[in-house]
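> So the chains spell out like this:
Protein chains: 2
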Amino acid sequence: MASCLLISSGMVPPDGRSRVVVEHVRPQVDDGEFAVKRTVGDALIVESDIFADGHDAVAGEVLYRHALDEDWRRLPMTPAGNDRWRCEIPLPEIGRYRYTVEGWIDRFTSWRGDLIKRIDAGQAVRIEYLVGAELLDQAATRAADAEADAAQLREWAAALRGTEVAMSKQVALADEVAAMMERYPDRRFATRYGKELALVVDREKAGFSAWYEVFPRSCSPDASRPGTLRDCEARLPYIAAMGFDTLYFPPIHPIGQTARKGKNNRIAAGPDDPGSPWAIGSAEGGHTAIDPKLGTLDDFERLVAKAAEFEIEIALDLAFQCSPDHPYVRQHPEWFRRRPDGTIQCAQNPPKNYEDIFPFDFETPQWRELSEELKNVVMFWIARGVRIFRVDNPHTKALPFWEWLIGDVKDRHPEVIFLAEAFTRPKVMYRLAKAGFSQSYTYFTWRNSKQELTDYFRQLTETELREFNRPNLWPNTPDILSEFLQVGGRAAFVIRLILAATLGANYGIYGPAFELCENAPREPGAEEYLDSEKYEVKHWDWDSPRSLKDLIARINRIRRENPSLRRDANLRFHETDNPSVICYSKSSAGLAETVIVLCNLDPFHTQSGWLNLDLGSLGLDPNRTFQAHDLLGGARYLWHGARNYFELVPETRPAHIMKVRRWVRTERDFDYYL
Amino acid sequence: MASCLLISSGMVPPDGRSRVVVEHVRPQVDDGEFAVKRTVGDALIVESDIFADGHDAVAGEVLYRHALDEDWRRLPMTPAGNDRWRCEIPLPEIGRYRYTVEGWIDRFTSWRGDLIKRIDAGQAVRIEYLVGAELLDQAATRAADAEADAAQLREWAAALRGTEVAMSKQVALADEVAAMMERYPDRRFATRYGKELALVVDREKAGFSAWYEVFPRSCSPDASRPGTLRDCEARLPYIAAMGFDTLYFPPIHPIGQTARKGKNNRIAAGPDDPGSPWAIGSAEGGHTAIDPKLGTLDDFERLVAKAAEFEIEIALDLAFQCSPDHPYVRQHPEWFRRRPDGTIQCAQNPPKNYEDIFPFDFETPQWRELSEELKNVVMFWIARGVRIFRVDNPHTKALPFWEWLIGDVKDRHPEVIFLAEAFTRPKVMYRLAKAGFSQSYTYFTWRNSKQELTDYFRQLTETELREFNRPNLWPNTPDILSEFLQVGGRAAFVIRLILAATLGANYGIYGPAFELCENAPREPGAEEYLDSEKYEVKHWDWDSPRSLKDLIARINRIRRENPSLRRDANLRFHETDNPSVICYSKSSAGLAETVIVLCNLDPFHTQSGWLNLDLGSLGLDPNRTFQAHDLLGGARYLWHGARNYFELVPETRPAHIMKVRRWVRTERDFDYYL
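For the record, the sequence lines run as chains A and B.
Sequential numbering of the first sequence, starting at 371, is according to our numbering.
Sequential numbering of the second sequence, starting at 371, is according to our numbering.
In short, the hints are calculated from the structure, not lab data.
Wrong hints could be hidden among the right ones.
Same chains, same names: a pair is fine if it fits in one copy or spans any two.
List of simulated lysine-lysine pairs, DSBU-like, C-alpha gap at most 35 Å [said to hold, decoys possible]:
no., residue 1, residue 2
1, Lys-633, Lys-745
2, Lys-797, Lys-487
3, Lys-797, Lys-565
4, Lys-722, Lys-539
5, Lys-745, Lys-565
6, Lys-919, Lys-633
7, Lys-676, Lys-745
Just chain A, same shape as in the assembly (with noise of 0.2 Å):
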């Protein structure tokens, strides 16, 4: 918009000498609205067009800030072909950061180019080498704060203004003297780049998490009784087994009386049913609040503690609306809409209301209150040890609010994280990513095809949205249980969870209700349970032989041992001959590692074909062959070249988890593979 402006202004630009452009920095969100998004150890490439006028050769500089930095850290740029500049920046520390791009002029290079070119030419270049000595007479000026530095410069002017053509051709073109200059740049009409654009550096957790949803009311031992926090304790070693690091439970608050539902989402509750733990809030307190069935802060702290032994970590869920009974209907009318006959507007879908649910009105007059309250629930949680949120239907409450929110929680404590579950239309999900949530929830729970899969996995891992948008998969959650899953039998169960497990870095079951593959829906049709957990307590049977426990243990130690799996955006598609067969692979940096994944989407019919490896994306020499060791069954296959046979029993072998091991060396008759 500046030089818009200064376009109509009639007036002389005022850095007319500024030669240099630097446009189409990237990575950047929305024209550098919104923050890149980057896990501490990753690396922030930046590129950038630096080009000037004319025939100067020019030079650039990535300057980035940590937001506790006092000045900006610098990192020089390397051309990268067509006046495009790189620049890998590291990561080692988490919160937020600042970056831009400098460019300037780079009269030395230019020099230094023209004078070969005049040498090889076989022409007189005494003058040259005088214009030569006044730029490392100006380079040592600005050296002067290194006095030896600034001495050597001045040595090496000297040298190019003397008599010796010999000695003057030596320094001219002596690669210390250009390493030299490079350290001392000629900035004055250094050009920056327009905007300083926006990174958030989170935890590892952030791009690479395991999570284990449960109801703690339904983990007691007892049947007899609901269960407490106290017996989510005795479940973790349980949980812990299976390879997760994030429990996440559904809301532990007192749960209103006024219009409860009852079993399977029935209008009316009877005296025993629990009700929906979303319709938060009664006379027993509200979001700050912990249910009294369930137990008390005390257990609750006890509870992040013993978790954090076994290296899990409890996500609570913000789940922002409130039952009729909840202490802020009372002390706070004004914040929920009123209608015309006086009473509070309910949640509704129309035709639909959800009696039991009061929604804020984030358009209320008092709407900073509100927010300062809900960030004051976010503050109280995270003092009691929470650093993971599950954030409730965040699209249904106001955008500018949670960029807000989010932002200045993880000002303060920049290792929080919070998940989104908005399962609603795809350009309100992608805002709530850009206005600062860590992770998504996204619509892989309902993508089965291999065209599904693919067209949906490269939006989400190869446009910009890889920036900012961290896909978190569940194959099942308490309110969806896909058809898919209802039809396919266990083997539906196996294939979501390594799709779920490989494609994304961060995933999440429903449990013990996906272990255990549980699969009846409340109706044919429906896509909800029967007998929804939502409504009811459950006594599960955790130890069924039935249980996927132990291949769901095999599959986070995978991820655990394979540092490709700990990324998004390296995910890449290989053709199969097979509809029904796909494959895809992830290579760590450098392809120090890779893992190539390959799974019948068809639970019910063995999938044979040939498989047709991009070999180049997996920098496999086309005339070797290489181990494809597969880590679900054990099994090691000598492969060769791009094309491969497979066949993939649904039942038995749904699916292969290769790890490519590249060949070493030859000795005698025995290959070996790293």
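Once you have looked at the hints, place chain B on chain A.
Below, chain B without anything else, positioned relative to chain A:
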């Protein structure tokens, strides 16, 4: 950026109740830093994402204003699916515009939609009517200035509140109520897009022009003396007969004597050598003087007026550089770069030196004065009636200088057209276009094969480039005699002419070298003309029977008569099964008129084959015959469906320019085509 600062500020956002998101407004160039270009009579199609949290309906408007407007004008946007909205702004006036987008929650539409669902479900809606009445009353307040409307709204509100349910329902669902409510939207919490985007609307010639370049000194009818501006007058009928609308002269200023170049760019000029017109300036004056050998300022103004009678405009060359004899060198030595030996640095491309040219130093401390003076040069010629400038090597002058100069000139004279002659790296060329140049030279001159042409023109017409970079296609220039023209004989000239004139809405030729098919290079492998007109006076055989002037006249007439050829972005390529034959089409708005071009790119051999038209893009029925009327040869072909046969003979019929005549009706045995 604003929202990023917000995040770190820890403040409650000031617009927390503005729940609507407005993002991804298009078109825009480089995040809105530069203006989009259109020509008068075009419509600007603006698109934007508009959405909010939750399920409320939203509405949006485009706001736009001409530089002379006091206030925004508003046009409603309409939904285009997936939260995308669209609007067409008509552009009847030239000049600079701004545009942006506003979106808001449309509470009435939300209410009405929900109400219908509840009525359909048979629910009681008494209270909903009261909610609606409130909305109508609020609109009545906003309509206070339109008393009748306000009264009507209040009357409807009363009806909604009334006890007659049938009447309430009738009012609630009446289209006229909805239409009235649309006139008084509740924009209290409207979100305005964060940027005001810039648009430049040029006169039609910026987007559609046919240029003829000629050296005035070669326009003499008398072989014993050089030509003058008066002689150019006598050439106007010849040029007008060929159908050109822009007559461009290389520099017409006094030519320097010092280091003047001789014939064929020889270092030492003979006493009769006239010198290169680009070595500007002598004791007789500089950039605002006319070479006395050509005539006087009066002669020039007379020529401008005379040309206008033929609907031809004179375009001058802005070559911002000096011969060593230019008055500036004496008056403003500080505008040039000085070497350590006290001499002025001449133009160079090491190891080559151009001793007859001194470039300006745009990094001089006196850069403001220099810039002002160069602008004065432009204003001088504008005052003499010139409105079109071809700028010589703009990529060797500072980019901020052009942005300022063109902006400032066009603020006063929006009708002025600048053509950038920058044959350089793509990013520099496109930056010049963004800086404000109305038209740009292209790589067309060197793109000969079907693949090269297709790739390049798809890039020009299908990417962001089309928003700001208007190609001007030149088969030859005084500097460039392409290899294709050197070796391909007369057919090569015909082919390149047809391609230039139909691929591009703007094109030009350097004549009479072009129409006389001059094709002798200075030396084998060189791209320059033998005995180049840059260094000597020519006496052309204007009426040679070999001349292409009649063909040129026909092609320029076809261009004028077929509106589809006046645009660039409507270019579509079609398949042919012969790699030497290219096929493309252009259609005017609404497919009112369509031209299909088929061109043999091989100047040596007859080429035949089958083309495969993309009928969808042409709006043609695959089951109907249509007439392809060759505007070049006059023949009419009955074509049917996508596949049609062609045969193109280099010497006699290297191309078709087919006007599509759609089937109108069949009458007895006759088919009629429009």
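> Evaluate each hint against the coordinates.
Here's how the hints hold up against the structure:
1. Lys-633 <-> Lys-745: Close inside one copy (33 Å), not across copies (81 Å); limit 35 Å.
2. Lys-797 <-> Lys-487: between (55 Å within a copy, 25 Å between copies)
3. Lys-797 <-> Lys-565: both (24 Å within a copy, 20 Å between copies)
4. Lys-722 <-> Lys-539: between (86 Å within a copy, 20 Å between copies)
5. Lys-745 <-> Lys-565: Answer is both: 30 Å inside a copy and 30 Å across each meet the 35 Å cutoff.
6. Lys-919 <-> Lys-633: Answer is within: at 28 Å inside a copy they meet the 35 Å cutoff, but 89 Å across does not.
7. Lys-676 <-> Lys-745: Cα proximity of Lys-676 and Lys-745: one copy only (26 Å, versus 76 Å across).
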